[in-house]
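As they're listed, the protein sequences go chains E, B, S and W.
Numbering-wise (my numbering), the first sequence opens with residue 1 and increments by one.
Numbering-wise (my numbering), the second sequence opens with residue 1 and increments by one.
Numbering-wise (my numbering), the third sequence opens with residue 1 and increments by one.
Numbering-wise (my numbering), the fourth sequence opens with residue 1 and increments by one.
Note that these hints are calculated values from the structure, not bench results.
In this text, a Cβ means the ideal position worked out from N, Cα and C, and glycines have one as well.
No false leads were mixed into what you were given.
Derived DSBU-like pairs: lysine-lysine, alpha-carbon spacing no greater than 35 Å straight-line:
id : chain 1 : residue 1 : chain 2 : residue 2
1  : E       : Lys30     : B       : Lys225
2  : S       : Lys30     : W       : Lys174
3  : B       : Lys107    : B       : Lys211
4  : W       : Lys409    : W       : Lys86
5  : S       : Lys54     : S       : Lys30
6  : B       : Lys161    : B       : Lys49
7  : W       : Lys349    : W       : Lys365
8  : W       : Lys115    : B       : Lys211
9  : E       : Lys30     : B       : Lys233
10 : B       : Lys243    : E       : Lys363
11 : S       : Lys19     : W       : Lys8
12 : B       : Lys161    : E       : Lys300
13 : B       : Lys243    : S       : Lys54
14 : S       : Lys40     : W       : Lys267
15 : B       : Lys233    : E       : Lys33
16 : W       : Lys86     : S       : Lys54
17 : W       : Lys344    : W       : Lys8
18 : W       : Lys29     : W       : Lys355
19 : E       : Lys250    : S       : Lys19
20 : B       : Lys225    : B       : Lys107
21 : B       : Lys107    : B       : Lys161
22 : S       : Lys54     : W       : Lys184
23 : W       : Lys33     : W       : Lys120
24 : E       : Lys82     : B       : Lys264
25 : E       : Lys363    : B       : Lys264
26 : W       : Lys174    : W       : Lys152
27 : B       : Lys211    : W       : Lys120
28 : W       : Lys115    : W       : Lys340
29 : W       : Lys174    : W       : Lys298
30 : W       : Lys33     : W       : Lys298
To give an idea of the interface, some chain W residues facing chain S are shown, with a C-beta separation under 8 Å as derived from the structure:
id : residue
31 : Arg39
32 : Gly44
33 : Ala111
34 : Asn168
35 : Leu188
36 : Val190
37 : Phe249
38 : Lys250
39 : Glu263
40 : Lys281
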Amino acid sequence: MSEAAKPAAGTSPRPAGRAGRNTELPEHLKDHKGVWVFIEHDRGQVHSVSWELMGQARILADRLQVPVSGVLLGGPADPLEKYAQEAHAFGADRCYLVRDPVLQGYRNEPFTKGLTDLVNAHRPEILLLGATTMGRDLAGSVATTLSTGLTADCTELNIDGRALAATRPTFGGSLLCTIMTLAYRPQMATVRPRVMPMPRRDATRTGDIVERPLGMVETDIVTKLLDFIPDADRNTVNLAYADIIVSGGKGLKNGDNFRLVWELARVLGAEVGATRAAVQAGWAEPERQVGQTGKTVRPKLYIAAGISGAIQHRVGMEAADVIVAINTDPNAPIFDFAHHGIVGNAMQVLPVLTQALRTHLDKRIRRIA
Amino acid sequence: MHIVVCIKQVPDSAQIRVHPVTNTIMRQGVPAIVNPYDLFALEEALRLKDRFGGRVTMLCMGPPQAEEALRKCVSFGATDAILVTDRAFAGADTLATSYALAAAIRKIGEEQAVDLVFTGKQTIDGDTAQVGPGIAKRLGMNLLTYVSRIVEVDLDRRRLKVERRAEGGVQLLDTTLPSLVTMLEGTNEMRFASMEDMLRAARCPVRRWNKDQAGIEDVARIGLKGSPTVVSKVFGPTPRCEKADMQVVADSSANDVCLNLLQKIFTQHPTLEDEIVERLSV
Amino acid sequence: MSAAAIVNVEEKLFQNRYKVDHGRPHIRIKDAAVCANQCKEQSCTFVCPASCYKAEGNRSVTLITDGCLECGSCRVICTEHRNVAWEYPRGGYGILFKFG
Amino acid sequence: MNLTTREKFDAIVVGAGPSGNSAAFTMAKAGLKVLQIERGEYPGSKNVQGAILYADALERIIPDFRDDAPLERHIVEQRIWMLDDKSFVGTHYRSDDCDKPPYNRYTIIRAQFDKWFSAKVREAGAMLICETTVEELLMDGDRCIGVRCDRKGGEVYADVVVLADGVNSTLARKAGLHGEISAKNVALAVKEILFMPEEVIQQRFNVGEESGVVIEMMGTVTEGMVGTGFLYTNKESLTIGVGCMLSDFKSNPRRTAPYTLLENVKKHPGIAPLIAGGEMKEYCAHLIPEGGFHAVPKVYGHGWMIVGDSGGFVNAAHREGSNLAMTTGRLAAETVIAAKGAGKPMNAKTLAAYKAALDDSFVMKDLHKYRDMPQVLHSSPQFFTTYPSLVNRAAQTFFTVDGVDKKTKEKKILGSFRSARRLGGLVGDAFRMWRAFR
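Next comes chain E alone, as it looks inside the complex:
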């Protein structure tokens, strides 16, 4: 974000043209057309953010009357054609494929060359990537190579005139700002997972595939990928990247009741979090503390048991997609921002919820097996 972004007072948009800055699109860039989405995949699975972006790209492209294309880079073991079909089902008109042994497993150097060459060859006007560790790593070096503008971690994309208006949080999320790349192409943006809605999948849709060689050999590449260690095998607490979190607070009254939080978490395959008071009381390790002086988390589901919801805790977890709160006090502050509230004693509700969940999931698993 540019350093001189003097926050404008209130919501009055400041004129984009400013002294010393070119804001008109030069002639030679006018032929950039089309909205591209970099489809991120790893170990046989496409990251859901790519499909969310495909849905968003469809909306932007329809507004600009241009095609949507997916970009797939991968090695021999990656089923790129299958992914391309998925991309067409989610709205892509075309998919660009670059297949090469050196692209087996993400490394910055080959992926940057592959994506940059594709962009220079087919000249899109908008390039979207997921704001994952892979997406942000790749976007940074591609944008530098192409000397174009990149807006990171966007929460909203729309078209203003013919240019992309990307809105993103700044100053740690306390503010939002809208950024545009007026005189450079392609306009690049990364978008956070689970921010854009998942589009409807239409299996009948089709689209073409354009293949392109990478033009790089392993010896050109310095960095070697030796191994991949999945999180499940490591016993580190990574609250920041957890999808589901079950947290306990002072309302659980003592340490052994915290066991109930662990049992529910095990059934959900979730991480266990805690409030400052619970950590101070020694019921959970400091790495599990969620809140102003602990971790900030953005899980899909956050279950808060015996937590009043003081502001110091709220700022650490209010970005969760679904917040379930269990508290004996009906006007505990947490009920003001939770999605689902249960007024009741957490020690009583937790085991019942764990059991209800187990029976529900067993029914589902039996139906599949």
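Knowing the structure of chain E, use the given hints to seat chains B, S and W on it.
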């Protein structure tokens, strides 16, 4: 071993408040601090210096008062500090910033070859995480972002092995020096500086470079002119706090309440249920 | 005076800037038994301006130093029992006044 | 830091508040090798004050401070209010002279002001290290030879250590130079800073862009505890606070917490409209020396001196603190400079000159004048409950036109005073107040 650590002085964004009524940004009393992510990078660099000896040079691009941030880094144990400050840099976005910092690192390399460049994962005001990749690209250095652990450094064979966070796991990467590393937060804990370093930092002059001393050739690529991105407006988020839909256990059995809750959540978020089932059946 | 509505000091403390020295609380209760058994008024539980001292149900007093404003009142008013081991936090930690 | 290269300074100043900065500035200006150690992230991040700056004390140290010091508003109106539950009786002093430079009193924001003052200290040549807490004095017998900080190799040595470490005076206490402060000799004050547009402040207090109003208040709002409230106008914010004797807080039967007391002050009908719409951005608490003359400990000894709040140098009756702090800092520095110049050792005999300088300055003269004030206020809480209510009710009776003849009203007012305090009480109170102010 010569390591360059890039830092930025940023406003302590946790203290920024948006006035609920007028929606203006209240910046009074928001002190400037060293970007917290950069301190993880500095600590990692200092640990390598403790092990292999050598120099840690701090580099910062910013206004004159950013000298305070550099002096603080020297007090943790960095050898010396360079502040790249010039009116021409004002308004730079990440592309222009990476151009300027890359030029300055090239200049530092002329005094003593640089083995490793460290930056923080991102800044807390920009949050873009693009300056690290930008510098690496311009200097032709290997880029290792979101590094959670330096596994092994072999100065003789000029090799470096790191663990890099990826989605759902950690990559083990092996590469050569020189490299640019951005450190993940929470990987280490900043040391409590010794008295000797505190006194040395209070005395140590912070070198100031303008754009020429920093080796900038193309003035069109720095500051506003070198910045493709334009901020068109800044505004406060609309707070969302509608009341939760409540159920009370007292009047109906806990079991009904829980089943009702699960039913509501899973209908609203079908993908959530699939993922839980999938994770359990694997 | 209007009925003393329960004032939520947490809302006030949230506005402050604070650097927690994890695992190194700078103030300690020397002997918890003294608070529970010998101290009747337990005045620290209402005099402390950051409400760090909380009277638990079983007459014991618990101390959480996050948010402490380092005024020293708890040390001074614990005159009869001298049961507060009071120190300033490590350099740079604790409360960091933006205005003061 | 091994012993051979042990760091030695002419003087070490502990603390970067008004007294510490004044001492360090004055000594550095005179060419002494000074090390100042501050425990906060930057000078000001650990300091709290109501926050009024008295210009004359600072003028003697940095005469042109008005050119670049961060000052909020110069004070043109002083209000003293006596509060009852629903009303107040106020006397206001406002003068056009106060609106003519050089201004005499300013409201300041300590975090910014101390940072500015500290920059001046560094410009003068002193060396400052922050984020470092001095844990104890290094004593050689009864001689202080340096300090030990909470960092590896934290021993630093000096000919004299100036203790400007604030009201808790931890270092002197640990070294046994004086005992624990007594709850009767300090007040606990809590305050908030409320931000609002400048124009709103200017309208509500009828002041210009640079001028400001100060309100001191006492009355039933402190629930019978000996204490006062205050409301100061800053550039784009208001400071609202209340402080009572710590001993009173402790023995208050209603066990009211300081923040509850502050909320009650903010809700008082006389105050609420003035602060309406303010956005609270910080809540502070601090102890203020109130013991006066009798509470000032021994302030010098072999190799050490005490300045500012650490020595209890606050004139509570006139609510003056920062000027005493700066003056004591300057006088201590001048003593060290003179001794250094004459090549004298920094022993008790030489440093006695500091106490002499204090005695013939306004510092000790004022403290001596009000030496009985704390004791008088302590023993007569009626000044904080009965009299404010009486005065308010008297005003209500006096100003309500209800057909009752003035003679009866007069009798009723005098009757209310007599029944509340009886003649003996009234005379006793008057005499005690007269003696305390004599």
